[in-house]
Amino acid sequence: ISNVDSSVGYESEVICDFDAIEKYESKGYVLVSYARTKGKYRAMFNVPFSKKDALRCFAESILDELRDGDVQKNLLWNGSATKIMLLFTELSDNIKGWQPKRAEFKDDSDRYSRNSGS
Numbered sequence: 001i002s003n004v005d006s007s008v009g010y011e012s013e014v015i016c017d018f019d020a021i022e023k024y025e026s027k028g029y030v031l032v033s034y035a036r037t038k039g040k041y042r043a044m045f046n047v048p049f050s051k052k053d054a055l056r057c058f059a060e061s062i063l064d065e066l067r068d069g070d071v072q073k074n075l076l077w078n079g080s081a082t083k084i085m086l087l088f089t090e091l092s093d094n095i096k097g098w099q100p101k102r103a104e105f106k107d108d109s110d111r112y113s114r115n116s117g118s
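Everything in the sequence shown is counted per this note's numbering, starting at 1 for the first residue and increasing by one.
Hints in this document: simulated from the structure, not taken from any laboratory. Please note that a few of the clues may not be correct.
What the hints assert, rightly or not - No farther apart than 25 Å at their CA atoms in a straight line, the calculated lysine-lysine pairs in the DSS-like style are these:
| # | residue 1 | residue 2 |
| --- | --- | --- |
| 1 | Lys96 | Lys52 |
| 2 | Lys23 | Lys40 |
| 3 | Lys96 | Lys73 |
| 4 | Lys101 | Lys83 |
| 5 | Lys38 | Lys52 |
| 6 | Lys23 | Lys51 |
| 7 | Lys51 | Lys38 |
| 8 | Lys96 | Lys51 |
| 9 | Lys52 | Lys83 |
| 10 | Lys73 | Lys51 |
These figures come from a predicted structure and were not determined experimentally.
Model the full assembly from the supplied sequences, consistent with the hints where possible.
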């Protein structure tokens, strides 16, 4: 994904000890916010896909989640139609059998509209 757009990332929430926040930062995660909750810390990170260490750590967290069952991740990206086609080509060329399940296209005017569900 970062081959097409280096600004792509994922917002990840982690519940951890305070000392673990620095561990995530050392792996390339960017701390957005944190707050104390039930004896631990709820930290929000941006995971930049352009940083290999951050992407590796993110992939390992997905593998950990897969041990408990299915995993779904939603990526929000402000890609143009051209970049979307480049991304489709990049993924199709590098991942055998890759097919998108759903793509939603929104513009700023959609932010305040309701889904009519026809």
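- Message: Lys51 and Lys38 were given as a pair; does the straight-line alpha-carbon distance stay at or below 25 Å?
- Response: violated, 31 Å
Check your understanding: Within a Cα-Cα threshold of 25 Å, do Lys96 and Lys73 meet the stated pairing?
Key -> Cα-Cα ~20 Å, so holds.
- Item | Distance restraint between Lys23 and Lys40, which requires alpha-carbon spacing of 25 Å or less | Satisfied, since the Cα-Cα distance of roughly 15 Å is no more than 25 Å.
**Prompt:** Given the proposed pairing of Lys23 with Lys51, does the C-alpha separation stay at or below 25 Å?
**Reply:** Judged against 25 Å, a Cα distance of about 15 Å means the pair holds.
Practice problem: Would you mind confirming whether the straight-line C-alpha gap from Lys96 to Lys52 stays at or under 25 Å? | Solution: holds, 22 Å
Open item on the list: Lys52 and Lys83 were given as a pair; does the straight-line alpha-carbon distance stay at or below 25 Å?
Closed with: Within the cut-off at roughly 21 Å; holds.
Is it true that the CA of Lys73 sits at most 25 Å from the CA of Lys51?
holds, 18 Å
Would the pair Lys101 and Lys83 pass a check requiring their Cα atoms to be no farther apart than 25 Å?
Holds - the C-alpha atoms of Lys83 and Lys101 are around 18 Å apart, at most 25 Å.
- Task: Decide if the proposed pair is consistent with the structure: Lys96 and Lys51, CA atoms, cutoff 25 Å inclusive.
- Result: holds, 24 Å
For the pair supplied as a hint, Lys38 and Lys52, confirm whether the alpha-carbon distance does not exceed 25 Å. Not satisfied, since the Cα-Cα distance of roughly 32 Å exceeds 25 Å.
In summary, the numbered hints that this structure violates are 5 and 7.
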